[in-house]
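Engineer: Here is how the chains run, residue by residue.
2 protein chains.
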Amino acid sequence: MFSRRLFSSYNPRCSCLPHRRSYATTLPPTIKQLLASPSTKQQDGQAKPQPQKVEVTGWVRSIRRHARISFAMITDGSTEKNLQAVVDTKLTKGLTNGVSVRLTGTLSDSPGPGQDKELVVENVECLGECDPEEYPIQKKALTVDYLRDHCHLRTRTAENASMVRLRHTTLKSLQDYFDNEGFCYAHTPITTANDCEGAGEAFLVTAPGIDEPASSTSSPAPSHFFGRPAYLTVSSQLHLEALASSISRVYTISPAFRAERSHTGRHLAEFWMLEAEWAFTRNVDDVCDVVEDSLKFALEKASENSKGDLNVLWGPDATEKLKILESAKDEAKKWTRMSYTEAVKELETFYAQAKNKPFEIEPKWGRSLGSEHERWIAEELVDGPVFVKDYPETLKPFYMRANEDGNTVGCFDLLVPGLGELVGGSVREERYDVLKKKVEDAGLKLEDYDWYLDLRKYGGAPHGGFGVGFERLVKWMSGVENIRECIPMPRWQGRMLL
Amino acid sequence: MFSRRLFSSYNPRCSCLPHRRSYATTLPPTIKQLLASPSTKQQDGQAKPQPQKVEVTGWVRSIRRHARISFAMITDGSTEKNLQAVVDTKLTKGLTNGVSVRLTGTLSDSPGPGQDKELVVENVECLGECDPEEYPIQKKALTVDYLRDHCHLRTRTAENASMVRLRHTTLKSLQDYFDNEGFCYAHTPITTANDCEGAGEAFLVTAPGIDEPASSTSSPAPSHFFGRPAYLTVSSQLHLEALASSISRVYTISPAFRAERSHTGRHLAEFWMLEAEWAFTRNVDDVCDVVEDSLKFALEKASENSKGDLNVLWGPDATEKLKILESAKDEAKKWTRMSYTEAVKELETFYAQAKNKPFEIEPKWGRSLGSEHERWIAEELVDGPVFVKDYPETLKPFYMRANEDGNTVGCFDLLVPGLGELVGGSVREERYDVLKKKVEDAGLKLEDYDWYLDLRKYGGAPHGGFGVGFERLVKWMSGVENIRECIPMPRWQGRMLL
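Chains Z and B are the protein sequences, given in the same order. Per our numbering: the first sequence = residues 375 to 872. Per our numbering: the second sequence = residues 375 to 872.
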């Protein structure tokens, strides 16, 4: 235990990583680590490095057979790159696309073009067969619908595997950002009695054999498992507010659920949200600052560490999509901020001057911005990410802080090209009396919000926060068309495989 | 944006942290960061550092008033330590326990005992009042039951705030460990058609207005929101197995749900689990190695970075509890491993020789280990963490790999003193025919496990994994008596506040 394993010296690692041992790991190196190992070419004035004996495990992605030697491309999912294995053709029996193998051999710089390193194989162990006729993941292009139907196998395709890795690195960079800013990662409840957005799209949770049938839950019956009706969370915000009133800075990455009836390319019934909430904000721009800073950080990290995966996902549009990402993450170019009122004025002017009706719904102060309006603002008016702030109070939930003007609230939506709303946030109403009136005006029961009002009653502090849909973020970064390809195992109305 | 803010030079940070800017942050420094700022004492041969003007936000934890000056202890939840604020008594009007404040002043080394630094206050801004008579979080000792009833305020106590921070740092060190070992953090579904453990304790999820009443869901009706009955996940394992068959190494930190009817100190209806799964394991000891290594890493990081919070949680038993932690994390002392068969032999011998019946249930090969047996093994026999391996096949789920002996499976439970089972894991049955027979023998429907069998049919690889209950882990580390204090907002039968 803790001893250096055979191949551990291949494990490339920043010496400052928060790991106690400098090189030794418990597990053998991945293909990503092997590909990053030092060159075996002779360096000036140094002894020629010896190619090292390594063991590689993974799956055959393709194989080219020649009379004497064959070339198998091996993947283990650790990187978008394959490792080229040079194998005596006599040893390749049974090696077809999808087979899992354990190979031993020597790793050295590749003399051929197309890859830096190759494995000259001495021994092949076939671990799991894969009938080339029957295998559902054939090498030809497979439709997204077909792959959704084969959800359990679809991460075997390059695109879906790249998405899983992009999620991982994006998650990590966001966590690094918030940890670094002194935020505490807190787990908020998934089952809850509250419906934060009040949209009536919450799923109900029951315990078979204990709860009454779902149809009779309109009045809480003592037979509920939790003693009252339980719903799946639609947002962790209210719970985070409770924690922010003692821990100051908190965030969570939590699943959220909406029984959405709409089948769009940007809605899921189950999705993940990063939500941050912190005390002692001064205004809504404070909240926008953290949003912009954290997302630019994530974009920068992705362009540093996930270029390979992004290229796989970008496909033929890579050049253009890289430009969009580079432009969005530019520190010198602050994202546009405008008020809802300004945005509506622009929309109205455009609508009035257009020859053909450019929108289904005429923009007007006091009306919601539709997807068509949001995209026009981000794509045509601004051509980049844009914060639209200070919406009319009537359009937004009760917890947003009333502005001095008496008819707007201190909130924002971040709109981005190709997607629309990516982030929503606000400063929260911290004034007890104002909030109490807003709860009543919204037709909510005061007793359900007793605890929420308590947060203002006892040492309440100005605070704010936001939520970013994680799948929307990776959709934006990757340019993937439908959000159903942005999560490994998507759920939407009528669809729940596995 | 991105400019250095007023106080950003106070922000202490390892220069190797994966953050692009070396010091500037978006937000002002926390009390934790201020307390870690450089000393204002003169160093040999250097100019005397000037005390810096800072702004501090937080809550008054206590205040001692004297005729001329007063001492207020300020917390912002970033650390278990308070910042002592030295305030002109004339400015302290309204400053009572729980009030939120913004203070400006100079931070310098404290001349008094008990703290390194203090804030000499120039200006006090009271942000939120807190009626000292009514405030539910009085300074006297409050019972755990009272605090559970005031769940939204309980992180204002030192113990509950320390638990939130301990969770954060433990989560972070576990993530660092797995990231470092080449694992990919993947989000697995929360709503699922599968009941991994088959224990019949899964919650049902319905969409009001779409689904049939819960009582009629025994046969899937087309009116289900997802087209079939949906449950809350009890384990992410099967989904992780699908991902591990392409990404090789995956882990998740996911909520899990059991409609537990038992009211013990170590069960919750909603809890968090870290589950890891990886391909190309050779045997169950490979899995134990990763468990031991990752947990020792988390213990070591906690003893480095969370000593203050652990001391708060340990209370008067700190010395003894530190010893237990130090012993468990000792790299040189490998955790005991024994087979179920050996463990039962020890239990039988002890049972036979004891004068008074030491267990409620007589231990016998083929029977489950009860909590009383598990704790005896960990506390009396071993006095430390112990892996019990290779349980009888009849006691374990269908997916565990059959051993060569024909009656046990390649699995383990990690038992720890004071708690019992902390981790469970196994190598999984990767042989298609063996697994198919096991599904049938378990009385499960083959068509429900088609996709799971596919993972073995097409390039299946030997693999294994484990799950650690996150609340159990922090309970073990902190020595906190009941698991309901190990999660900010606990849920159990009959209880779901907020």
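Keep in mind the hints are simulated off the structure, nothing from the lab. Everything numeric in this text was worked out from a predicted model, so none of it was measured. C-beta atoms are modelled at their ideal positions from N, C-alpha and C, and glycine is treated no differently. Some hints here could point you the wrong way.
To be verified - BS3-like mimics (lysine-lysine), calculated; alpha carbons at most 27 Å apart, straight line:
| # | chain 1 | residue 1 | chain 2 | residue 2 |
| --- | --- | --- | --- | --- |
| 1 | Z | Lys513 | B | Lys415 |
| 2 | B | Lys467 | Z | Lys831 |
| 3 | Z | Lys831 | B | Lys513 |
| 4 | Z | Lys695 | Z | Lys707 |
| 5 | B | Lys491 | Z | Lys546 |
| 6 | B | Lys491 | Z | Lys514 |
| 7 | Z | Lys467 | Z | Lys427 |
| 8 | B | Lys681 | B | Lys455 |
| 9 | B | Lys546 | Z | Lys467 |
| 10 | B | Lys415 | B | Lys491 |
| 11 | B | Lys681 | Z | Lys546 |
| 12 | B | Lys467 | B | Lys455 |
As the list claims (entries may be wrong) - Computed far set for chain Z versus chain B, every beta-carbon distance over 10 Å:
| # | residue |
| --- | --- |
| 13 | Gly472 |
| 14 | Pro485 |
| 15 | Glu508 |
Engineer: Going straight from one Cα to the other, do Lys467 (chain B) and Lys455 (chain B) come out at no more than 27 Å?
Structural biologist: holds, 24 Å
Engineer: Given the hinted pair Lys513 (chain Z) and Lys415 (chain B), is their alpha-carbon gap at most 27 Å?
Structural biologist: violated, 69 Å
Engineer: Keeping to a limit of 27 Å between CA atoms, is the pair of Lys831 (chain Z) and Lys513 (chain B) held or broken?
Structural biologist: holds, 18 Å
Engineer: Starting from Lys467 (chain Z), check that the Cα of Lys427 (chain Z) is at most 27 Å away, please.
Structural biologist: Distance of about 23 Å is within 27 Å: holds.
Engineer: Keeping to a limit of 27 Å between CA atoms, is the pair of Lys415 (chain B) and Lys491 (chain B) held or broken?
Structural biologist: holds, 11 Å
Engineer: Against chain B, does Gly472 (chain Z) hold up as non-interface, every C-beta pair farther apart than 10 Å?
Structural biologist: Incorrect as stated: the minimum Cβ-Cβ distance to chain B is 4 Å, not above 10 Å.
Engineer: Holds or violated: Lys491 (chain B) with Lys546 (chain Z), Cα cutoff 27 Å?
Structural biologist: violated, 34 Å
Engineer: Is the Cβ of Pro485 (chain Z) farther than 10 Å from every Cβ of chain B?
Structural biologist: holds, 28 Å
Engineer: Please verify whether Lys491 (chain B) and Lys514 (chain Z) have alpha carbons no more than 27 Å apart.
Structural biologist: Measuring from Cα to Cα gives roughly 67 Å; hence the hint is violated.
Engineer: Beyond 10 Å from every chain B Cβ: check whether that's true for Glu508 (chain Z).
Structural biologist: Glu508 (chain Z) not clear of chain B: closest Cβ-Cβ about 8 Å, inside 10 Å.
Engineer: Check the hint pairing Lys695 (chain Z) with Lys707 (chain Z) against an upper bound of 27 Å on the C-alpha distance.
Structural biologist: Roughly 18 Å separates the two Cα atoms, so the pair holds.
Engineer: Given the hint that Lys681 (chain B) pairs with Lys455 (chain B), does the C-alpha gap stay at or below 27 Å?
Structural biologist: Satisfied, since the Cα-Cα distance of roughly 12 Å is no more than 27 Å.
Hint compliance for this structure: hints 1, 5, 6, 9, 13 and 15 are broken, all remaining hints hold.
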